[in-house]
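**Student:** Fit chain E to the known structure of chain G by using the hints.
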Amino acid sequence: MAPKKNSAKRPQPSTPKPSAPARIVKVQSSDGHILQADVRALLLSSTLAATIKGYDDENKPLEKLEVNNVVGFTLKLVLEWCEKHKEDDPAIAQAEKDKKNIFIPSWDRHFLTKLPMGNLFDLITAAYHLDITGLINYGCKTVANSAKGKSTEEMRELFGIPEPWEQPSTSTATWDD
Amino acid sequence: MPAEVKLECIGKMEFKERLSLRCTAKAERSLVDSQKIEFNKGRFWGNNRYLGLDLNNKYDVTKHLKDKTEALELMKYLKKVGVFKNLTISFGGPKCSLLAYQLRRSLHKVAQMRIDTNSKVGTTFQVSVSKNGSFAEFLEHFADRIVSKRDKRVRIRTNNPDRHILLERGLDNVVTTGYYIQFFRLIVISAKMKQSEYDGNFKEWLLKMDPDAYDKYFWENSFDNFDDFYDDDDEEFESWRHIWYDSDDAHEPHYY
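Going line by line, the protein sequences match chains G and E. To convert, note that position 49 of the first sequence is 49 in full-length UniProt numbering; the numbers rise steadily by one, no gaps. To convert, note that position 24 of the second sequence is 24 in full-length UniProt numbering; the numbers rise steadily by one, no gaps.
Same shape as in the complex, but just chain G (with noise of 0.2 angstroms):
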């Protein structure tokens, strides 16, 4: 049989491992959403991951991970894609994070794809500050895809950017410095 087209550019996804009991803590939104996740999920935030490991090396209990600047709808999102993404391997995603042309894999297409894009623009801006590389470049790959053949008036739609009237002054340099 032919291979898959595509198939070279497609993100491998690692050997299972042998998998341990999943460890769940509890993680709190900044308006105070309580919800559930797996640690392996969380690792895949570089910010949550030096959390737990400030945990593990001082052998405190980890009950409850607060993010003070992810709101619960959102932060619910991020932790499915985690959730999604557990098993991957990290590598990967930094090895795509310069990359313009990417393979998003159809479940995320699917995932990042539903959502409205103010929701999405939140998502990406939520995997940014929880340093999720593989999140950000998912999100944005879909943001560029949306941005695609549109015009200067689309764009300004798109990314909800005011028209060059409405836009405050922030210096007295003009439009054409």
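A few of these clues could be false.
Straight-line Cα separation of at most 27 angstroms, DSSO-like style, residue types lysine-lysine; simulated pairs [to be verified]:
hint: 1; chain 1: G; residue 1: Lys150; chain 2: E; residue 2: Lys16
hint: 2; chain 1: E; residue 1: Lys16; chain 2: G; residue 2: Lys97
hint: 3; chain 1: E; residue 1: Lys76; chain 2: G; residue 2: Lys148
hint: 4; chain 1: E; residue 1: Lys194; chain 2: E; residue 2: Lys109
Negatives, chain G to chain E, calculated, CB over 12 angstroms [what the hints assert, rightly or not]:
hint: 5; residue: Val25
hint: 6; residue: Ile34
hint: 7; residue: Leu43
hint: 8; residue: Glu58
hint: 9; residue: Pro61
hint: 10; residue: Phe73
hint: 11; residue: Asn101
hint: 12; residue: Trp107
hint: 13; residue: Lys150
hint: 14; residue: Thr152
hint: 15; residue: Glu163
No wet-lab data here; the hints were simulated from the structure. Ideal Cβ placement from N, Cα and C applies to all residues, glycine included.
**Tutor:** Frame of chain G; chain E shown alone:
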């Protein structure tokens, strides 16, 4: 969306979308301009009537000199952000004389960049210039690196023992040293490459730079009509020179 996050999105966008976004607002333009963009192939050209550019054989713009603003604006942007694997700059026609000095310098500046950035084997830069001296200046600049030297080719060492740089001059029985315009190609090659493996087909790459290069009639007439073409008002080319080759500008074009 915070600027840092928007920047990540821009990094995944294609050239056309970046252009659309940079026209929306000053802040967006500055964000877009802060991101480098890679191209496999770029060609910038100009003659007595037109200016143009062609990127990856997908995006091309041709503008009459009288309506050159858009092309110039694009050039300016690409000069800031473009990272080209293969770049061809071709300015035919005597009106480009103001560019000649800077273009000559560009040969050894590009070669120096290739050395400094340890460019990959196969990375190519092509340029046509309308004055003598490029070859001699290159030889002088890299005198202590020369591995071999012939009338059409100079090979120099880089800082990487596995890589050399080959500067080829587009000359054969038809396109001779007597021509007003000279063609050069600079390629990063493997240090193991033998002279017998050099690509001797100058015509092929020369025609890519200038499809009229082998049109004898064109050349003869270019010379005959030199004075007719020459214009006392060279402001247009002065602006080109400033965009691409102003030596005081910190933002040089970027190459691998």
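**Student:** Provide an ascending list of the numbers of those earlier hints which the structure does not satisfy.
**Tutor:** 11, 13, 14 and 15
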